[in-house]
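Enquirer: Below, each chain spelled out in residue letters.
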Amino acid sequence: MIGDLLSGEAPAELTGDVCVVGSGPAGVTLALELAKKGRQVILLESGGEQYEEDSQALYEGRITGHQNIDVAASRLRQFGGTSGHWTGMCAPLDPVDFTPRPDMPDHGWPIGRADLDPFYARAQPYLDLGPYRYDFDYWRPNAPGPALPLDPTKVFTTVYQQSPPTRFALKYMETVRAEPKISCWLHANLVDIALNAAGSAVERIEARALDGHSVSVRANRFVIACGGVENARILLNCRKQRPEGLGNENGLVGRYYTDHMTIETTLVALDDEIDATLYDEQHTIGDTVLNFGLKIAPDEIVARGLNNNAAFLIPQFDDETFNDEFRNYGWIAFSEMVKAFAHGRVPERFGERYCEVVDDLGRVTTGAYRHVMRKVKPRSRPVAFKLRQDAEQSPNPDSRVTLIDEVDPLGFQRVALDWRVTDEDLLRLRRTHQFIGEQLGAAGLGRMRLGISDPPDHDIAFSGYHHMGTTRMHADPKRGVVDADCRLHSVANLHMAGSSVFTTAGCANPTLTITALAIRLADHLAATLA
Amino acid sequence: MGKITRRLLLGSVATVVAGGAVYGGSRFACQFVPRHHPDFFSLLDLAPDNPDTRRIGELVVAEAAPAGFDAFAAALRLRPLTGEAATTDCASTRRRLVQDQCAIDFAEGRSVVIDGWVLSETEANLYAAKLLRPSIA
Ligand SMILES: Cc1cc2nc3c(=O)[nH]c(=O)nc-3n(C[C@H](O)[C@H](O)[C@H](O)COP(=O)(O)OP(=O)(O)OC[C@H]3O[C@@H](n4cnc5c(N)ncnc54)[C@H](O)[C@@H]3O)c2cc1C
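In order, the protein sequence lines correspond to chains X and Y.
Take the first sequence: its letters are residues 1 to 530, numbered as in UniProt numbering.
Take the second sequence: its letters are residues 1 to 137, numbered as in UniProt numbering.
Extracted from the complex, chain Y is given alone in its bound form (with noise of 0.2 Å):
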């Protein structure tokens, strides 16, 4: 085993803390950086897990196979109220934002009937984005 230096010590310390500082800076700089993903796997929080949201999430998927998370990410974005909903970091506004798109979608007519429940499209894609949600390590 090498012997531990003098140098070899100043230039660990000098790599620690330069490494701090890019990392410091970076999560700064980073802070001004628009990123959805954060906040758009949030907005499936707001779904139920229980067995029946997983059932009718595995229906919806089924169905509209060979559909993959994407799509249904990209159909939730795609309404305006869940849109906005992807990118608030308030959970409470973003809880009545998802509720008022679901009351839209039925208001006009974009209800579909899964597992005998009478459900907003919304609602469906959110069951089933959150089924297939990817996992992040």
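Here chain X stands alone, though its shape is the one from the complex (with noise of 0.2 Å):
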């Protein structure tokens, strides 16, 4: 069921098995998850089936680290969280990017890929993509063109697959509303977390709505799944039983914010002759829709210090009909309130993107035009392309999410974030490029000019919106917040979903990760649950 704290109907106190805070894509398959197995869930969401201005508000904080990126407008506080922004990319975690590296400090989970692996799989079907199939070989046979022809011991060809993107609130909210075992409770905000007399765990949940309805979570679980940002924020600060805040003893707590590095730069041009259609757009093989980059092999990302990278190849053209740099923020909006009304529906958020098309009218205008004229003109070949990426960064207990004085209507203090972006990361990207550069050279394929210079520019990363870390997984609680089961060291019943728990980061887009994570910790809740 889905009631609404707002109403005023929800009862004082609430009970269940396991108490799930936050409804983005951990949250809720965490909850269908649970109540497969039979257990009885309370799902705590702040927002209600819809975007709505005051809760929206609630994430609002400071940048005071690299700009190029926000804490508020890039996540959605609302049933299914920012899966109603989200894009689709995914891919799994490389083995690489769980093992510790001796050249990386605090880099490595305590859990490897392979443990992982059964996750992924049944992480597929969450996110409406394919079979769980990353490898280029199991797609070659109906590939639409050739790998290129390098050493696949330096360089190869890697696989990611695209959600529609699932919107988990029109996916699942049904679902969730039919499910007996799930009471899912909207404009429900966490407040605070308290643990019992002997502070060694979560008594009760205090979930509070915007007009002051409040209600009482019991469970022998509680689950904190309100993403990167927010995980650490809310850690912080419900510290009445403990002054540095819960599970952050050794002052871990949103340290180690990691991003990936969104950017797009390094040009590479091949020869005429070569076929480069695998990598220069979307393929759709049987159900599944694809796209195709270069990696480095993980012999050499160690060997070289190098950060995992995805480089996807964006064609250039000379015709301006094919480029496609009119897509920015007008241009999405545009499209989403194509994509509703085509549905029958009134988009989501109608005055907030039509304004954002009206600012760029320019820009919306090109891209209409020049998809009419795709229409009617042939495609011409891509003079060369330019490497686009979402850059790993290497562990960094300096950029962090940490608390201001600033407070927001529920009396929590609002966050500074505060992202690092180093130059030894770019210039690890300069390498990987450099290195990708050489491969290209060594098989004959074409020439590369480096995008990143020597000292690097700062400004061409820009977040991927993949907020990570904050409450990273390690077992030494000297240097995680949580353990292998994502539960806190420190406090007996309470867990951590979402990608605050990531280690490391690697290259791959977060929300495949985060559901398979999501399903082995209700694997794992509901086995040990008495």
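No lab work stands behind these hints: they were computed from the structure.
If you're wondering where the values come from, they're calculated on a predicted model, not measured in any experiment.
It is possible that some hints are incorrect.
[Unchecked claim] Pair ranges (Cβ atoms, derived):
hint, chain 1, residue 1, chain 2, residue 2, range
1, Y, A67, X, A484, 57 to 65 Å
2, Y, G109, X, E49, 43 to 51 Å
3, Y, E63, X, A340, 55 to 63 Å
4, Y, A62, X, S453, 33 to 41 Å
5, Y, A62, X, A303, 26 to 34 Å
6, Y, G109, X, T277, 29 to 37 Å
7, Y, A91, X, G444, 12 to 20 Å
Just so it is clear, CB atoms sit at the ideal spot from N, CA and C, and this is done for glycine as well.
Take the two lone chains, each set in its own frame, and fit them into one complex as the hints suggest.
Expert: Below, the structure is given as structure tokens:
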């Protein structure tokens, strides 16, 4: 069922086996999996069924570090969470992302890729993806073109799958409503986590609506699934019994914030005879939409001291009709509106999207004109390609989320996000590109012109809107906030779900891993609940 | 002005004939004397001539200062395939040899970054040599 705290109909106290806070991909997946296993779930969501200004404003905070990022606009505070925003690129993390690296302090998870494989396979259908196959060999027989003939022990072709993208509100809201094992409450903002008298475990969670209605939730286990920034904010704010905040005995909550550096730069010119069709647009094989890119082999990543990266080839055309530089917020808003109207719906956040279009009318007109022209003009051959990537950052304790004095209407202190982009990480990416360039040269395929200068210009890096690392997983409580079961080292029954537990972020977009970890956590909770 | 005598005329003709014979003979004989210069310069013609390659050439020269044309030419002759290319008449073979040498450079880690371009040492040397190529009057 789905109830609304604003209605005043909620009882003063709710009880269940597990209380899950947050109904984004992490929270909804967890709740559905637990319900499947017969567990009674209380699911608390801060927002409503749709976008609301006052709920969204609870996210607001300050940017103090690298400026090409924001805290509020990039997330959605409503049922389904930020899945209402996401673009749907998916891939699992690579084995190398989990392995500790002697050359990189704080790198590596206490679990390995093999531990997650079965859960990745189960996560695929949640996100409307195809089979759990991310190796090019599997797709090769039906691929629309050959892979570049590069030495695969150096650089190989990688596969990403594309979710439609699944909007959790659209896909799962009715399932949640119909599920007797789930009691979901909207407008229920977590405002406190109360520990038992011994201070060892959570006794109850307090939730409040913006109009003052409140509810107390008791459960055996509690899971915070409120997103990569908010998870840390909650632990830091709930400090009535532990002045430093929950799980923050070692000052780690909020530290190691990491994001993917979205960067489109570096030109690749391929010889005229080279067939790059595989890479220069999305392809559908069977029912699965795929993107193909280039990755450096794990042994080379480690030997050369690089970060992980998947570079996608964005074609550049002489004929502007085929270039895509008009794609920005205005265009995205316009396409969302067109899609919604085509399905007979009024688009969500119509006013906001309409204004985005109005602000950017020039580009939207260019985009619309080019889309029409592309239907009548034969596509010309790209003259070059730019490398686009969500590049990995190395773990950095100084990149962090902290609390500021300003409070929101519920009394929670707001956050400052100090995202650090370092010379070192940008130069690693430059060396990654250079290595790809050398391999293209060795195979006689073409040449590369690097777009990352030395010293690097930080302004080329934009947030991938993948907020990760703020309650990192580590076997050692001095080096991580949660253990391998996503449980706070220092609180017996409090777990974190979402990308805040990522110890290292690799270069895969996070939501598939978030979903896999949520399924894994649901299995663990169901199995260990009395 | 002096008179044109029969003797002068015959002498001139003889001189021209003898000169022609010497020149023709020399041309014939010289075919058998190995000379790499013309082929080496054809090698330089493989490098495209545009503002980018000229700038790369300038930067390579600036970085390698005080190296002159001979140093770059020697470096090119030193590599097995460009060395062979410098003595090969066939333009397409020459091109293939240079391309293969570039690929080998990359594979063996002899690459350089100049003005952002990731290039093989061979290419960089070619652009520099082309820039410094002595003009043959
Ligand atoms: C523009 C954009 C593009 C993206 N593209 C991709 C992509 O291509 N691939 C990919 O993998 N990822 C992508 N992402 C990231 C993706 O959206 C997130 O990884 C994903 O939504 C995280 O899921 P989550 O459940 O952990 O958090 P969220 O989706 O953020 O959900 C958190 C939920 O918690 C609720 N909440 C917050 N605070 C409280 C509180 N105090 N009490 C109760 N409830 C609370 C919120 O209302 C929300 O519903 C993109 C993100 C953006 C912004």
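Enquirer: Each of the hints needs a verdict: does it hold here or not?
Expert: Hints versus structure:
1. Y:A67 x X:A484: 57 to 65 Å: holds, 59 Å
2. Y:G109 x X:E49: 43 to 51 Å: violated, 59 Å
3. Y:E63 x X:A340: 55 to 63 Å: With a Cβ separation near 57 Å, Y:E63 and X:A340 satisfy 55 to 63 Å, so the hint holds.
4. Y:A62 x X:S453: 33 to 41 Å: violated, 18 Å
5. Y:A62 x X:A303: 26 to 34 Å: holds, 32 Å
6. Y:G109 x X:T277: 29 to 37 Å: holds, 31 Å
7. Y:A91 x X:G444: 12 to 20 Å: Check passed, 18 Å falls within 12 to 20 Å.
Hint compliance for this structure: hints 2 and 4 are not met, and every other hint is.
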